[in-house]
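Participant: Sequence:
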Amino acid sequence: MSKGFIIRVLRNKMAMVLISFLLVQPVVFGQLRVGIDSSYHCSQSEILVPVLVTDFDDVVSITFYIEVDTTELQYEALVNPNAMLDGGILLDSFTSTNGNYVIGVTWTRFSPISITSGKLFDLKFYYRGGYPILHFSSDCEIALSDLSIVENAIYQDGIIQPLEIISNPQSQTVVENDPVKFSITQQGATTFQWQNNSGNGWNNLTDSQGFSGSDTYELSIINVPKEFDNHLFRCLISLDDCTLTSDSAVLLVTPTGIFSNFDQSSVLSVYPVPCSDILNFVVNTSIRNARYQLVNLLGKTVYQSQATDFDKGSVQAIFTGNLQPGFYFLQLIGESGFLSTVKVLKQ
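Numbering (our numbering), first residue to last: 1 to 347.
Among the hints, a few may not be true.
[Said to hold, decoys possible] Straight-line alpha carbon distances no greater than 20 Å define the calculated SDA-like cross-link-like pairs of lysine to any residue that follow: (1) 343 - 228; (2) 300 - 248; (3) 124 - 37; (4) 181 - 124; (5) 124 - 47; (6) 343 - 305; (7) 343 - 230; (8) 343 - 325; (9) 346 - 248; (10) 312 - 293.
Since the hints were made in silico from the structure, they are not lab data.
Make a model of the complete structure from these sequences and hints.
Facilitator: Encoded structure:
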């Protein structure tokens, strides 16, 4: 805090320090603006929210009342006042009026100040989360050196938004040497880091060895090797000192050459969709010495059959009543590798 300020926390709503007793005809003086920019922050952390001004000319007094939702924001203090306010009396308060919590800010000085554009001060909060709005009430006032009140001042409300993952990367099945992309939809992140897990823990990826976009919202693999089968991929997004981790997506890789005699998409037919306690599927071609399994989105096998021969049109049933709701992959595996993979939904 700059030397020369007097900052006090008052428990009662403050009245105007200056001009409240004067009967002065209001005048128009420029297009003065006071605002709070909408911004992204980390939930469950202390944050600074700047109050900005434009064309803040010839000002000797301010009175701001800013309404705040205390379920999402906890007001702590007014900090980092602009040096131009030095020599004046700056007061802040936090009160409850008719169930609304209000931050009151007053400042007054005998000599006027002018700020073309910049920050007036910061409001310090503990941000619990959510989308709280900081709203300037209608009784805010700004006084000029001639003791007139600025009638056309514009007050811009602000909204605080959390760092958030909106949609996670989706599991995919590709043929060996084909390209694949994983992407994430988010808000507020300033950095991204994609990771891979081959079964031995998570490792950060870099733009090498066939990867690109490892530090962006979208990861690309140009030529998927068969060794990537059942690998997991996820993205870490960061803002300031907080990081969120996406859900994992599993990559299933089918070796080339397996489908020379039939189309993968026609091998299995599943019903009902979605399934509940029983998942049925039809094998649409004759296959010898094959097995089938269910894999969840984390790459974990939750059901696996013994190897057997399948006649064309044979019907199989899997009990799924004990599985958690969500998406799974039904995989048919022959002697040479994966024959078919179908995504199924358990409700």
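Participant: Against this structure, judge whether each hint is valid.
Facilitator: Evaluated hints:
1. 343 - 228: Holds. Residue 343 to residue 228 sits at ~19 Å (cutoff 20 Å).
2. 300 - 248: 12 Å, holds
3. 124 - 37: Judged against 20 Å, a Cα distance of about 14 Å means the pair holds.
4. 181 - 124: At roughly 41 Å apart (the allowed maximum being 20 Å), residue 124 and residue 181 break the hint.
5. 124 - 47: 6 Å, holds
6. 343 - 305: 18 Å, holds
7. 343 - 230: Holds, because 14 Å separates the two Cα atoms, which is no more than 20 Å.
8. 343 - 325: Between residue 343 and residue 325 the Cα gap is close to 13 Å, so the pair holds against 20 Å.
9. 346 - 248: 18 Å, holds
10. 312 - 293: This hinted pair holds, its Cα atoms lying about 19 Å apart.
Hint 4 from the list above is the single one not met by this structure.
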